[in-house]
Amino acid sequence: MTIFTTLYNHINFSIVLFLFFLCLYSIGSFMVLYHLIRFGIGVPPKIVALAYFIGSVLLLFMLVSAYAFVDVSDAKQLLQQWYSTSQQPFR
Amino acid sequence: MLDIITRTKNTFTGQRPGERVILVLRRHWYILASTIIAHSLLLLLPALVYIFARSYIARTGLTSLYALVVMIYVLIWWYSLAYAVTMYLLNVWVVTDHRIVTSEQHGFFNHIAAELSLGKVQNTSAAVTGVIATMFNFGDVEIETASEGGRFIFQKIPAAYSVKDIIMRSASEYTQQHQNNQEPHGLGSGGI
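Same order as they appear, the protein sequences are chains A and B.
Residue numbers for the first sequence, in the working numbering: 1 to 91.
Residue numbers for the second sequence, in the working numbering: 1 to 192.
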């Protein structure tokens, strides 16, 4: 039980979740790019693959920036308020 | 430098040596445009939410969190759009000087390929039905084959009547060149 408590206290779950999402997105993007380049016939699939790649890089950069600047303290406070309100008995 | 993506001979998997591609057909751009418009509407959703909940988001200090959620939404939207466009681009019909090849992609792990020798083409018909199809000039081309019950249908392709004529002309040229059941070009075997 101690090991779980230690892990819980030391692992930042938001980063784990964020990296998991990035990993999923990378795998999906690879599938799209691979299919477009490997099986696409003619010019349009290659152009779409290039546009998708550039768009993905830009969006990922913006997502990482948004994650770096996110402030969850207010959200936590809000959740605690909601939780304490829901615990009050009806009158 | 970008020649690699702007110059192509329309080669495809399973193409035989010496086989010349006459037509590469996809569904009409109208089909793709309707998908893109539907996706564009989905992109308006975060903006609409922000317009209606702006004061609440600002008051509770959730602006940065909202920006993160929007970025995740936009990334998923971008992937979804790319997936739809990929499926559109990978559904192709290829007419070569020897055969007709269909390649249908219904998902990353669901691919259907079929081919038909031009020598087996018996009859071809084109149908343009509906106001939008007539306006944008797209329709279905049906190819009947010598084998029982065998038929190929090109769905919602642009310039259906012209495609029908090209297929019939290619089939008659193929039949003339292969009258003695001999291959003048010495093509090897292949398959998609």
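Worth double-checking, as some hints may not be accurate.
[What the hints assert, rightly or not] One-sided and incomplete, this derived list gives chain B residues near chain A with beta-carbon spacing under 7 Å:
hint : residue
1    : Tyr-66
2    : Leu-68
3    : Leu-75
4    : Trp-77
5    : Ser-80
6    : Ala-84
7    : Met-87
8    : Phe-109
9    : Ile-112
The set of hints was computed from the structure by calculation and includes no laboratory data.
Cβ coordinates follow ideal geometry from the N, Cα and C atoms, glycine included.
Hint check, Ala-84 of chain B versus chain A [nearest Cβ-Cβ separation less than 7 Å]: violated, 10 Å
Ser-80 of chain B as chain A interface residue, shortest Cβ-Cβ below 7 Å: Ser-80 of chain B check fails; min Cβ-Cβ to chain A is 10 Å, beyond 7 Å.
When the least beta-carbon distance from Met-87 of chain B to chain A is tested against 7 Å, hint result: Violated, about 9 Å.
Closest C-beta approach of Ile-112 of chain B to chain A relative to 7 Å, hint status: violated, 13 Å
Satisfaction of the Leu-75 of chain B interface hint, Cβ to chain A closer than 7 Å: holds, 5 Å
Chain A contact restraint for Tyr-66 of chain B - C-beta distance below 7 Å: Cβ of Tyr-66 of chain B sits 9 Å from chain A, so the hint is violated.
Interface hint status, Phe-109 of chain B versus chain A (Cβ within 7 Å): violated, 9 Å
Interface hint for Leu-68 of chain B, Cβ within 7 Å of any Cβ on chain A: Status holds, d = 4 Å.
Status of the Trp-77 of chain B interface restraint (C-beta, 7 Å, chain A): Result: violated, 9 Å to nearest chain A Cβ.
When the structure is compared with the earlier hints, violations turn up for hints 1, 4, 5, 6, 7, 8, 9 and for no others.
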